[in-house]
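Colleague: With chain A's structure known, arrange chains B and C on it following the hints.
Protein chains in written order, with the numbering used here: chain A, 1 to 259; chain B, 1 to 339; chain C, 1 to 345.
Hints were generated in silico from the structure; no laboratory data involved.
You can take every hint at face value.
The calculated lysine to aspartate or glutamate pairs, modelled on EDC-like cross-linking and capped at a C-alpha distance of 16 Å, are:
#1 Lys268(B) x Asp329(B)
#2 Lys232(A) x Asp217(A)
#3 Lys342(C) x Glu148(A)
#4 Lys169(A) x Glu2(A)
#5 Lys189(B) x Asp318(C)
#6 Lys211(C) x Asp120(A)
#7 Lys54(C) x Asp222(B)
#8 Lys268(B) x Asp170(C)
Residues per chain, in single letters:
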Amino acid sequence: MEPILEARGLVKRFGRVTALDNCDFELYPGEILGVIGDNGAGKSTLIKSLSGAEIPDEGEVFLEGEAVNFSSPIDARKAGIETVYQTLAMSPALAIADNMFMGREIRKKGLIGQLFRKLDHSGMQKIAHEKLTDLGIMTIQNINQAVETLSGGQRQGVAVARAAAFGSKVIIMDEPTAALGVKESRRVLDLILDVKSRGIPIILISHNMPHVFEVSDRIHVHRLGRRLCVIKPDDFSMSDAVAFMTGAKKPPSEFVGTA
Amino acid sequence: MKKLLTTAAISVSLMAGASSVSAMDISACLITKTDTNPFFVKMREGATAKAKEMGITLKSYAGKIDGDHETQVAAIETCIADGAKGILITASDTASIVSTVAQARDAGLLVIALDTPLDPIDAADSTFATDNFVAGELIGQWAAASLGADAANAKIGLLNINVSQPTVGVLRNQGFLQGFGIDLGDPNKWGDEDDSRIVGNDVSNGNEEGGRTGMENLLAIDPMINVVYTINEPAAAGAYEALKAIGRENDVLIVSVDGGCPGVQNIKDGVIGATSQQYPLLMASLGVEAIAAWAADGSKPANTPGKNFYDTGVALITDQPASGVDSIDTDEGMSLCWG
Amino acid sequence: MVANATDETHSEVESDHNGIIRKFHHLLHQTPALVPLIVLSLSIMVFGLLLGSKFFSPFALTLILQQVQIVGIVGAAQTLVILTAGIDLSVGAIMVFSSVIMGQFTFRYGLPPSVAVACGLLCGSLIGCINGWLVAKMKLPPFIVTLGMWQIALAANFLYSANETIRSQDIAAEAPLLQLFGTKFNIGGAVFTVGVIFMVCLVLFLAYVLKHTAWGRHVYAVGDDREAAGLSGVNVNFTLVSVYTIAGLICAFAGWALIGRIGSVSPTSGQLANIESITAVVIGGISLFGGRGSILGMFFGALIVGVFSLGLRLMGADAQWTYLLIGTLIIVAVALDQWIRKVAS
Numbered sequence: 001m002e003p004i005l006e007a008r009g010l011v012k013r014f015g016r017v018t019a020l021d022n023c024d025f026e027l028y029p030g031e032i033l034g035v036i037g038d039n040g041a042g043k044s045t046l047i048k049s050l051s052g053a054e055i056p057d058e059g060e061v062f063l064e065g066e067a068v069n070f071s072s073p074i075d076a077r078k079a080g081i082e083t084v085y086q087t088l089a090m091s092p093a094l095a096i097a098d099n100m101f102m103g104r105e106i107r108k109k110g111l112i113g114q115l116f117r118k119l120d121h122s123g124m125q126k127i128a129h130e131k132l133t134d135l136g137i138m139t140i141q142n143i144n145q146a147v148e149t150l151s152g153g154q155r156q157g158v159a160v161a162r163a164a165a166f167g168s169k170v171i172i173m174d175e176p177t178a179a180l181g182v183k184e185s186r187r188v189l190d191l192i193l194d195v196k197s198r199g200i201p202i203i204l205i206s207h208n209m210p211h212v213f214e215v216s217d218r219i220h221v222h223r224l225g226r227r228l229c230v231i232k233p234d235d236f237s238m239s240d241a242v243a244f245m246t247g248a249k250k251p252p253s254e255f256v257g258t259a
Numbered sequence: 001m002k003k004l005l006t007t008a009a010i011s012v013s014l015m016a017g018a019s020s021v022s023a024m025d026i027s028a029c030l031i032t033k034t035d036t037n038p039f040f041v042k043m044r045e046g047a048t049a050k051a052k053e054m055g056i057t058l059k060s061y062a063g064k065i066d067g068d069h070e071t072q073v074a075a076i077e078t079c080i081a082d083g084a085k086g087i088l089i090t091a092s093d094t095a096s097i098v099s100t101v102a103q104a105r106d107a108g109l110l111v112i113a114l115d116t117p118l119d120p121i122d123a124a125d126s127t128f129a130t131d132n133f134v135a136g137e138l139i140g141q142w143a144a145a146s147l148g149a150d151a152a153n154a155k156i157g158l159l160n161i162n163v164s165q166p167t168v169g170v171l172r173n174q175g176f177l178q179g180f181g182i183d184l185g186d187p188n189k190w191g192d193e194d195d196s197r198i199v200g201n202d203v204s205n206g207n208e209e210g211g212r213t214g215m216e217n218l219l220a221i222d223p224m225i226n227v228v229y230t231i232n233e234p235a236a237a238g239a240y241e242a243l244k245a246i247g248r249e250n251d252v253l254i255v256s257v258d259g260g261c262p263g264v265q266n267i268k269d270g271v272i273g274a275t276s277q278q279y280p281l282l283m284a285s286l287g288v289e290a291i292a293a294w295a296a297d298g299s300k301p302a303n304t305p306g307k308n309f310y311d312t313g314v315a316l317i318t319d320q321p322a323s324g325v326d327s328i329d330t331d332e333g334m335s336l337c338w339g
Numbered sequence: 001m002v003a004n005a006t007d008e009t010h011s012e013v014e015s016d017h018n019g020i021i022r023k024f025h026h027l028l029h030q031t032p033a034l035v036p037l038i039v040l041s042l043s044i045m046v047f048g049l050l051l052g053s054k055f056f057s058p059f060a061l062t063l064i065l066q067q068v069q070i071v072g073i074v075g076a077a078q079t080l081v082i083l084t085a086g087i088d089l090s091v092g093a094i095m096v097f098s099s100v101i102m103g104q105f106t107f108r109y110g111l112p113p114s115v116a117v118a119c120g121l122l123c124g125s126l127i128g129c130i131n132g133w134l135v136a137k138m139k140l141p142p143f144i145v146t147l148g149m150w151q152i153a154l155a156a157n158f159l160y161s162a163n164e165t166i167r168s169q170d171i172a173a174e175a176p177l178l179q180l181f182g183t184k185f186n187i188g189g190a191v192f193t194v195g196v197i198f199m200v201c202l203v204l205f206l207a208y209v210l211k212h213t214a215w216g217r218h219v220y221a222v223g224d225d226r227e228a229a230g231l232s233g234v235n236v237n238f239t240l241v242s243v244y245t246i247a248g249l250i251c252a253f254a255g256w257a258l259i260g261r262i263g264s265v266s267p268t269s270g271q272l273a274n275i276e277s278i279t280a281v282v283i284g285g286i287s288l289f290g291g292r293g294s295i296l297g298m299f300f301g302a303l304i305v306g307v308f309s310l311g312l313r314l315m316g317a318d319a320q321w322t323y324l325l326i327g328t329l330i331i332v333a334v335a336l337d338q339w340i341r342k343v344a345s
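If we strip away everything but chain A, and leave its shape as in the complex, we get (with noise of 0.2 Å):
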């Protein structure tokens, strides 16, 4: 199977440090790719470099087999690379419709959209509800409520909904359950099986061990800049991965590249 989203040999430096030293990537359609890593190995340099927030010294990265160079994350948006960050890049005092659009807001027909640009709000309005309710996260009594009267979890939903509503290929999230509960982080993984059941690979990232283990496929383990090994949770126990992201154990070889 050919991978979704590949990356080969990424360097990029800043002045003397060197946070990708030649780093290859791959996704697998319709797979969950933990990826871990302590502190400053350079993961999430990586992860900008494929939703176009940072842009590579060297090295190429390919979706669907062609190479692309984005230069900024609203290109990577446009190939059908979206990004749940986790500060969700949301506008609180917004309604829920209004930030599921922003940026791709959908015009009337007619004259009314073209010659006085008027949004269709209800239109949007239908959409919005009928993604949230789709990935069940509708427990939202009133779609113009604005984004701050939601509760933690509720927003991440509505991000995740975003990310997943617009015919994407390949969804990244960083830390998604970082800010949240036991029960909202409960939400918020079944929302990203859920999500993955509808054929969209998720890229993962988080320092929630139980959590990465728990919904990937398979777990890209950084270290140094580079990628040292692809493990399959089945595999191996969380003990062992916080092992090998520290360095305390080596990987079996066999698992160290492409995986």
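Modeller: Just chains B and C, lined up with the frame of chain A:
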């Protein structure tokens, strides 16, 4: 009033004669409230021309806006450090500037207040100014004389500068009322008169915008106002617009003070009935001469007899002269106007 | 009044006192222009009761509209900028400079008034565009950029005009187009001017644009959280530059309206327009932190100031009482904004 002007003109030539011995290294300072108001622009022109003629180095300073006290203090300090012989100042804050002025006088500088007296007036060596009370009185007398018998039941609106009641505004206002024949309350403030002919006092900030809003407010109190006093001609122009908006521009007498060129033109066009013209150019050139005389022999300028300042004169300008009130017409006014 | 009625209906449903407050909080959150509307209605009623027909007449009420037209137009520009979490201190200076250009281009260079007006509008837009570019691309704080631009535009205004006033009579004779906004018409004692109609139409138009176009939603999003807006696909720089440019254009229109209002072209007018417009915006319930509030609120805010000024003057009160009350309203409005933004978790 022509007489006063002539007196002033004579003293100009006398003083010029006395001080023609001035040396080349005399320097003087001119500090104005702002350098944007045409009144001060004209003042600077007069001072610069006279200084050039007499071979005096003149340095000009100005506050950024009206009321900018700090810049004026800094300017005086600069002048002291610069070794200037004298300072001409139109103070923004007449009371607060006194301590800084005292420093300058202690350092041997002659300080002359132009246009605006300091508080107290003797804080400066001398004051060269318009008698604003007389300026107001003239337009008051003219308005009363023009109305004739109707003056007894006039409806008067007054547009002042602002609610902080600066001295100039109070003097003009009270002068106007006195001239019109209204009993003054406390002559040191406006707004305490109880004559039923007064519809109300409002403020204009001395510009067109404020003049219009202030007039509208007065008209809302009584739309049949028929005499309007204004602090200056821009305020008068604004008041006129407000009257025009309700179609009453032709049956209201507007009087004003200043004598700037657009104001005199407005009298010619019938917008304003009469104005009292003052002479900033004269104030400044007389001031420069006084500094030259002080540098030459240590003599200080004398006050106008009967007043505690040197009166640079004021003239009533109108094209509809009223009996018993001296006035000059707009053609003569145009030749004397500033700004 | 509206709020009281809603409160009562709620109190029947739920006896919980906190519930009422939360509903009220929610209502304000949804409709931020509600508070200024209530204050406006109440103040008109109070002054109407105290002063009777002197205040409660078509003439006096439309006079208020005429008196607030300049602040209302400039306030519309200020609203756009403040919604993006900025502030524009240069609005008054842009307005006056534009009006001076319209006047001087006509009288000094003999250009046709229509061309001079176009030049004035262009100049306002250009200054606004520079503001926007400095804020968006150079990432300079709006307060600093517009503080500087305020001084620059004002100095340019004085230097260029030599503080020369162009008289109303000359304009009326030679270039009546400049006084277009002063054209008035009576409808049963009520006096409307083109400037007043323009202000009302501008506010309604911008209310539509802000609510019903993508650009409008982007203005709110940028003000709410600039970074988040950028990450969710809003072209932040374009939005900011366009907001400041349009604000400049609106200020130039205000300059045109100013000529209509005072008849003449006066370089010394409009000195307080920045403070007055910010006052209207704040009393109108628009958050200085950006992203919250409605332009209708600004309109009500400007009217509140107008009602207070005229009402108190008609009652014969010292003008200082107006400032005192307006000052109180400003603080109350900002306190209310803080409360609205504080979301019960």
